[in-house]
Amino acid sequence: MTRRARLWVLTAGLLGTAALFAAACLRMPPFGGTWHPYGDRAVQAALLQRTANTVSSVNFDQRAFDTLGEESILFAAVLGTVVLLRRTSGERRVTPQPASVPPAVRRYAIAVLPLALLIGLYVVAHGQLSPGGGFQGGVVVATALHLLYVGVDYRALERVRPVGLYELADGVGEGAYVVLGAAGLLAGSAYLANILPLGTFNTLSSGGTVPLLNAAVGMEVASAVVVLLARFLAQALEIVDEKEEGRERGERRKRE
Amino acid sequence: MNGWLVAAAVLVVAGLGPSLWGAARGGAGRRVVAQNAATLLLCLVFLLLAQGYGRPSYVDLALVTSVLGPAGTLVFVRLLGDEIDAPPPGLRLLTPLVAVGTPATLVPLCIATGPGRALLKLLVVGALLVAGGLVTSRALRHA
Amino acid sequence: MREALDDALVVASLLFVAAAATAAVLTRDPARQAVVLSLLGLGLALLFTVLQAPDVALSQLAVGSAVTPLMILLTVREVRRRKRRE
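Chains as they are written, first to last, in numbering that gives the first Met the number 0: chain A, 0 to 255; chain B, 0 to 142; chain C, 0 to 85.
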């Protein structure tokens, strides 16, 4: 396509978007008003299901099927990364050089790691009560593990991160969500229906299937992020071209 | 008049604003220092907002920031290492910011909260902020 | 008074997000851009919180504060290494 034609396509697209955007803005309800038809119904439904955090009730109970789709998107994205960022022919795995880290940073990373893991699990476990849930907590757990890479050394991270196990956990988390949904069918209700006893409002065991689905998502997301970052780390630190490696070795020899 | 929200607004305008200015220009070191200051300030803003809105569960935002903020700064220090000029400009402002800002925000909040689980959470956030602030400035100095 | 204060917080957060997003676009070096992006993430988390959406703010914080910078910087490092080779 010529530059001219591309500019025309861009202009048409921008004008179309601007027209639709302006039309939508003219019909919008005023900002911060008191009329919330969807919000009121969602809160009412959340209270009936004894889930204190309405957002979790919407995500994992009222519209749990949508969340299955979102979880699958992450699963598919990580699968794609694993396929794309694999070691290809003509590439070799090398041991990365150890990095020097100030002792204070090392001590901090080792001390904060368990606390960060705990905070991540806390966020997963309290999804039905307070802001947070499986996705947020799962990412915190995965970040906590990578404190070992940024604060200690890549090899320290490798020791607590058998990637195969996390790949398995990723699949199990995704599968657990699907199976929990099927449990609704077996109980004679709909797919992903909240069939468990609802418990006491505002306690950890409230919300029926909401905490279980949160746990499944937490497991899936934490493992997915670990696997994803493992692929990026391997590409940047471990995998080199055989030609390039030869040249680097030659340069080192020359310097010596 | 809600003093907590006023304090949060002041921190956003007079703290986060200048941090953005610091992060948007200059060398890599200066930018990372500004990023670190911004995570600290945002954590304090979350604490003030939780108190101002009367929503104790918003403290979880501060709890997560107090762990992930320093982790993010350490990521930058680790992977931008050779681009960071040691010591980066603005670094000497960081320690006073942690040493003054954290207690100045947390002590009034602790008094307003009173004893209980909520107080424990606040103290954990405070300890994480101080430890994270000191360690990240050490890491930046030796980058 | 309280409403004016809430509005002031929303306006300040919106301005911060707009300024951070503009700064991210104007920064051309990807490694330095990652630092500005991290501030943009913090600003978005603040905006979601003052709009009373703490769940979204927590998602933004979790993803934006360490995982995204790590992915960007590792990619930058790998791309630079490949460029040096050519």
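Hints are computed from structural coordinates only; laboratory data are not their basis.
C-beta atoms are modelled at their ideal positions from N, C-alpha and C, and glycine is treated no differently.
Just to be clear, a hint being listed does not mean it is correct.
What the hints assert, rightly or not - Pairwise CB distance ranges, derived in the manner of DEER restraints:
no. : chain 1 : residue 1 : chain 2 : residue 2 : range
1   : C       : R79       : A       : R106      : 41 to 49 Å
2   : A       : R105      : B       : L118      : 51 to 59 Å
3   : B       : G115      : A       : D39       : 46 to 54 Å
4   : C       : R81       : A       : A21       : 43 to 51 Å
5   : C       : L4        : B       : A85       : 36 to 44 Å
6   : C       : R1        : A       : V42       : 55 to 63 Å
The hints, checked one at a time:
1. R79/C / R106/A: 41 to 49 Å: For R106/A against R79/C, whose Cβ atoms are near 31 Å apart, the range 41 to 49 Å is violated.
2. R105/A / L118/B: 51 to 59 Å: violated (31 Å)
3. G115/B / D39/A: 46 to 54 Å: Violated, at about 33 Å.
4. R81/C / A21/A: 43 to 51 Å: holds (45 Å)
5. L4/C / A85/B: 36 to 44 Å: Given range 36 to 44 Å: holds, Cβ gap about 42 Å.
6. R1/C / V42/A: 55 to 63 Å: Between R1/C and V42/A, where Cβ atoms are some 22 Å apart, the hint is violated.
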